[in-house]
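If you read the sequences in order, they're chains W and C. Counting in our numbering, the first sequence runs from 4 upward without gaps. Counting in our numbering, the second sequence runs from 168 upward without gaps.
Simulated from the structure, these hints should not be mistaken for laboratory data. Ideal placement from N, C-alpha and C gives every residue a C-beta, glycine not left out. It is possible that some hints are incorrect.
[Unchecked claim] For the chain C half of the interface with chain W, some residues (derived, Cβ under 8 angstroms), not all of them:
id: 1; residue: A225
id: 2; residue: R250
id: 3; residue: E259
id: 4; residue: R264
id: 5; residue: E265
[Unchecked claim] Between beta-carbon pairs, the in silico distance windows are:
id: 6; chain 1: W; residue 1: P139; chain 2: C; residue 2: A299; range: 27 to 37 angstroms
id: 7; chain 1: W; residue 1: P139; chain 2: C; residue 2: R264; range: 50 to 60 angstroms
id: 8; chain 1: W; residue 1: I33; chain 2: C; residue 2: R189; range: 41 to 51 angstroms
id: 9; chain 1: W; residue 1: G234; chain 2: C; residue 2: R351; range: 50 to 60 angstroms
id: 10; chain 1: W; residue 1: P139; chain 2: C; residue 2: A190; range: 35 to 45 angstroms
id: 11; chain 1: W; residue 1: R171; chain 2: C; residue 2: D339; range: 51 to 61 angstroms
[Stated by the list, open to error] To give a feel for the contact side, a few chain C residues facing chain W, derived at Cβ under 10 angstroms:
id: 12; residue: A252
id: 13; residue: L266
id: 14; residue: Y279
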Amino acid sequence: MSRALGDTLAILQRELLRYRRDRAYWVGQIAFPLAVVAFIGFGLNDVVRLPTGADYLGHLASGILALLVGSAGVGGGMTLIQDRESGFLRALLVAPVSRTSLVLGKLLARALASVALVALLVALLAVFTPVGIPHPAAALLAVVAITVAFVALGVVLGTWLRSVEAYRLLAGLVTVPLYLLSGIFYPVSTLPAATRWLSYANPLTYGVDLFRYGLLGVNEFPVAVSASLLGVLTLASTIGAVVAFDRGLRE
Amino acid sequence: MDASATTQPAAIRVEGLAKRYRAVVALDGLDLSVEQGAFYGLLGPNGAGKTTTVSVLATLARPDAGRVQVAGHDVVSEQAEVRRAIGIVFQEPSLDRELTAREHLDLQGRLYHLDDRRRRTGEALERVGLAADADRPVRGFSGGMKRRLEIARGLLHRPRVLFLDEPTLGLDVNARAGIWEQLRELHAAGGTTVFLTTHSMDEADALCERIGILDAGRLVAEGAPEALKSALGGDVVEIGFEQPDGCAAAELLARIEGVLSVTREPEAARLRITVRDGSRRLAALLEAVRPHVVSEVALHRPDLEHVFLHHTGHPFEPERLGGGG
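Throw the hints in and build the complete structure from the sequences for me.
Written as structure tokens, this is what we have:
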């Protein structure tokens, strides 16, 4: 057990080293939400009125951060393809390390990187938007759950696909509808009945809602329901990623 | 197989190994055995199945049929034990461009649970001459430096069996000589069984105590390089002609005393004759082909290329015919 933990930490450290050195990634991930809030949020703030009467700026800012966490997760899944292309994956696969440790290391690394990114951005956005961190545990669970689910999705795609281009395309096709139906840009309750049901079926909806509860103290669904759903989602995604990784990489 | 082989289990034992990728048969009933501490070379042209063999031996590909044991463990049912016992240097690069040399070795040390990984990392970097570049990302390394790092990584945990898949492919002459030197030192130090694949005759000849010749997924010959060459029992004479029709002289030549075999290479307008006491019979051979205009004549001891030709009936690399060494 302690061996498996040590292996997971070794993989985790390697992934974090890579993330830390990827300066372009950090610049992009920090600049993008700030630009969206500054260029779109302020403009829409006076035009859009939420049914709750709350400020649209906070809704959008928290939504964009959730979007960022999701896309970071998709990027985390893509590292599997990058590792395959560089050949590094083979060096890992031939080492006496369980597939579970390899996958958990990847999942944890991206989750940690996203928690750090969100903390930094919340601190910046708190200056000029209503975003804060009234419920840190809820925000943390939401970030971890969204990350793990999207990295897992990436691992599943990554075991099938051989090129980064194909991965980007397919991941976009799968994730964009999930984003649009998750309440990132407008509350789910404002959607027409037909699409509202799709939103209810979208696990990301509960992630975004719990995340927003964490950052704004505002929620559409009961916190307990979202939290339990996300707990189950995290567990299922982790298992799914391990199984897909193990099966997909057999020759 | 001598008596010691029965008390000491072979480092590698392969029986009836078959592996196909969709419709392509990569290995077709491969049998081989490598003793502990040996320096074994698997020689074959591109596509012969060398990399597939290494992939199966290193637990990265599952055999379709056959039994494969490495370091006394089955590669299918005892993967973890096999992985702990082996080191591997892949043909294609397998480094993370963003990590430094030291970080690669440190990760390796952690994954193999080495208590003294810091010391070993330092020693390994020193040994392969990368100490000065240890903290630079691999992105800026030359091909030779990368290969040396891969070798250092493959050896860090002191594996009982080291696999090297085309270790000098794509390297320049100096880098290649450096790697040969390191492999010789490693083997001289004893203990590690080295299993190397190569499509370079020179490499197999220069490094390996025993070689197996692989062609189309089967082992066609096996033995010490010298033994394989002298088993051909003669010298090789190559006669090149101005016109391809010179090859018609083959039948005449075959009747000359001492001639063991004659192979036609019509595309190159050349005959390759295996003959006893080549230097004494050269005049007779040339006399026999006289109506045809001879453009070149070469006489040499058989090399591994001739061994390959003899056992497979086709040249090793068709485009490089008759280089002779």
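How the hints compare with the structure:
1. A225: 5 angstroms, holds
2. R250: 4 angstroms, holds
3. E259: Where the cut-off is 8 angstroms and the nearest Cβ of chain W is about 5 angstroms from C/E259, the hint holds.
4. R264: This interface hint holds because 6 angstroms falls under the 8 angstroms limit.
5. E265: This hint holds: C/E265 lies near chain W, its Cβ roughly 5 angstroms from the closest one there, short of 8 angstroms.
6. W/P139 / C/A299: 27 to 37 angstroms: Check failed, 46 angstroms falls outside 27 to 37 angstroms.
7. W/P139 / C/R264: 50 to 60 angstroms: Violated, since W/P139 and C/R264 (Cβ atoms, about 36 angstroms apart) do not stay within the stated range.
8. W/I33 / C/R189: 41 to 51 angstroms: For C/R189 against W/I33, whose Cβ atoms are near 46 angstroms apart, the range 41 to 51 angstroms holds.
9. W/G234 / C/R351: 50 to 60 angstroms: Once the Cβ atoms are compared, 58 angstroms apart, the range 50 to 60 angstroms for C/R351 and W/G234 holds.
10. W/P139 / C/A190: 35 to 45 angstroms: 57 angstroms, violated
11. W/R171 / C/D339: 51 to 61 angstroms: At 37 angstroms between Cβs, range violated.
12. A252: 9 angstroms, holds
13. L266: 6 angstroms, holds
14. Y279: 7 angstroms, holds
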